[in-house]
Each structure stands twice: as C-alpha cells, then as structure tokens.
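A.B. asks: So you can see what is in the structure, the chains are spelled out below.
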Amino acid sequence: MTRADGMSQRTRRRFLAETAALAGAAGLGLASHPAGATPASMQAAIRNVTGEAKLNKGKVKLDVPALIENGNAVPLTVSCESPMTQEDHVKAIHVFTEKNPQPNVIGVHLGPRAGRASVSTRIRLADTQKIVAVAQLSDGSFWSDEVEVIVTLAACLEGA
Amino acid sequence: MARALINVPAKAKRGEVIEIKTMISHTMETGFRPDSSGRPIPRDIISELVCKYNGEEIFRAELFPAIAANPFLTFFTVATESGTLSFEWTGDNGFSASESVNITVE
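As given, the protein sequences belong to chains A and B, one line each in that order. FYI, in the working numbering the residues of the first sequence are 19 to 178. FYI, in the working numbering the residues of the second sequence are 4 to 109.
Simulated from the structure, these hints should not be mistaken for laboratory data. Don't take every hint at face value.
Here are some chain B residues the structure puts well away from chain A; computed CB gaps all over 10 Å [what the hints assert, rightly or not]:
1) ILE9
2) ALA13
3) ARG17
4) SER85
Facing chain B, from chain A, some residues (calculated, C-beta under 10 Å) [stated by the list, open to error]:
5) LEU85
6) PRO93
7) PRO121
8) ALA132
9) ARG134
10) THR139
11) ARG142
12) ALA144
13) THR146
14) ILE168
Capping the alpha-carbon separation at 20 Å, the derived lysine to aspartate or glutamate pairs in EDC-like fashion look like this [said to hold, decoys possible]:
15) A:LYS109 / B:GLU22
16) A:LYS109 / A:ASP157
17) A:LYS109 / B:GLU60
18) A:LYS79 / B:GLU22
19) B:LYS24 / A:ASP81
20) A:LYS109 / B:GLU65
21) A:LYS109 / B:GLU59
22) A:LYS109 / B:GLU51
23) B:LYS55 / B:GLU32
24) B:LYS16 / B:GLU51
Glycine included, each C-beta is placed from N, C-alpha and C at the ideal position.
The task is simple: from the sequences and hints, build the whole structure.
C.D. replies: So, in structure tokens, the structure goes:
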C-alpha cells in the first residue's frame, strides 16, 4: 500500500512537472508574437550593422521613459557625444528592440553637417523589453547604450 | 498628398546649430495587425526620409514599422548659408511626399 502510494505520488509529481512545462511552452508561444523579434534576432540585426567590429558601451545616450503607459507612441531620443567635425563625427545611429515583431526600429545617417549627433522620434513598443541604440563613428568604431522599459499598454498587434 | 509639418527657424546665425522638426500624416500600418476577418492588413509605411540643404544631403533616416503613426523626427544641422531645406519621404505603395522651407543665414 505504502509502495503504491509512493508510486502514485511520483507519477503525480511527474504529471505536475510535465503540465507545468507544457504550460510554460504554451505561454512562451503566446508571448512571442508570430515572427517576433527575439534577443537572438536583435543580436543578429545589430551584427548586421556592426559587422565584425566590437560594440563598445558608452558615448551614446538613449533617452526613453522607463515606464510607458502607451506603447503606440513612445518618445525616444538618441544622442551621441561627438565634436561632429570632418575628422570625427557620428556616421549613423540605429535603434533596436528585443521583442517587437521586428528588431529594427530606425536607422539614421548623419554627417559632419549635422552639428549635433542627436535624433528624436516616436516609436511603437509591443512589450516590456530592452531597447538598444548603436552609433557608428567616422573612425569605424561602434558605441551602444541600452535601456530596459516597462510597457503597460502594448502597441496593438490585435485587430483593427 | 499627405500633410507634412516642418519646423525650422526662419533666421539663423552662420555656424549656428539649428533644430529641425518634421512630422507627416501617415498611418504607418505595420503589416502585423489582422483585420476584422483575421487576415493580416498589408504593410504600408514610410520607409525613408531624406533631408537636403541646398541640394546636398545632410540627413537620411530609414524607418521601420516600429515607428509610430504620423512619423515625427527631430534632428540638427549647422546653418551654413541661406537657402532651401528640402524634405522627401518615400514609402510603400509608391508613397512619395516632399516639402521645402527657406532659411536666411546672417
């Protein structure tokens, strides 16, 4: 009897574990929107821009509210310390997200005539996630900044 | 023709860094939303904005569906000479719009 109890206890535990695993998998399936960006695809998109170059931290400042009520229009500013001269300027600024349907958000191309390496826009955010800004300098180096944001109302992926 | 708003100072000192604000009316349909019958609504976005100062390109932005509706962009440039700043948006389904403003540099 005791032995049988032990057996059922074990199967019950296994059953619970498996159900939990299944639920977890289903939850993941729901969370990641069809063809959604993942941290891996964001890394791939960043690699696409930087190539083999090393991605340094710093110089760039990504300004975005930490708590976002409405993911449909999120103000975002990316600026980069640079004298913006012919010899030393920011060539491009790119923004990526981790969990939007696509990792790319915007890519801007600047030159020494910009005077100041700063760009602002309004973006959509589909989930609580990490945003990464990457700046390419004229010397070929890449600099980045990242911000974790909490989104309460996601940009609508549901029906119109 | 989509309505576009440009905000650039009318006058600037030579060498001054000026702020340029642009906004254009556009739904920026992402292509990820289903309609009421469940079919995805096809993507319809503005994919590029080019800004030229007296014909020379000073700023170019590639936009993706993650840009909010009515794309708003702010950036900077150095006021070098009097002339025209022209803006050109292009996008899906042959979308194209342009706008230009004059600036006086003293």
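A.B. asks: Does each hint fit the structure? Answer for all of them.
C.D. replies: Cross-check of the supplied hints:
no. : hint                : in the structure
1   : ILE9                : holds (15 Å)
2   : ALA13               : holds (18 Å)
3   : ARG17               : holds (12 Å)
4   : SER85               : holds (15 Å)
5   : LEU85               : violated (18 Å)
6   : PRO93               : holds (9 Å)
7   : PRO121              : holds (9 Å)
8   : ALA132              : holds (6 Å)
9   : ARG134              : holds (4 Å)
10  : THR139              : holds (5 Å)
11  : ARG142              : holds (5 Å)
12  : ALA144              : holds (8 Å)
13  : THR146              : violated (15 Å)
14  : ILE168              : violated (17 Å)
15  : A:LYS109 / B:GLU22  : holds (18 Å)
16  : A:LYS109 / A:ASP157 : holds (9 Å)
17  : A:LYS109 / B:GLU60  : holds (13 Å)
18  : A:LYS79 / B:GLU22   : holds (18 Å)
19  : B:LYS24 / A:ASP81   : holds (17 Å)
20  : A:LYS109 / B:GLU65  : holds (14 Å)
21  : A:LYS109 / B:GLU59  : holds (16 Å)
22  : A:LYS109 / B:GLU51  : holds (17 Å)
23  : B:LYS55 / B:GLU32   : violated (27 Å)
24  : B:LYS16 / B:GLU51   : violated (30 Å)
Checked against the numbered hints above, the structure violates hints 5, 13, 14, 23 and 24; every other hint is satisfied.
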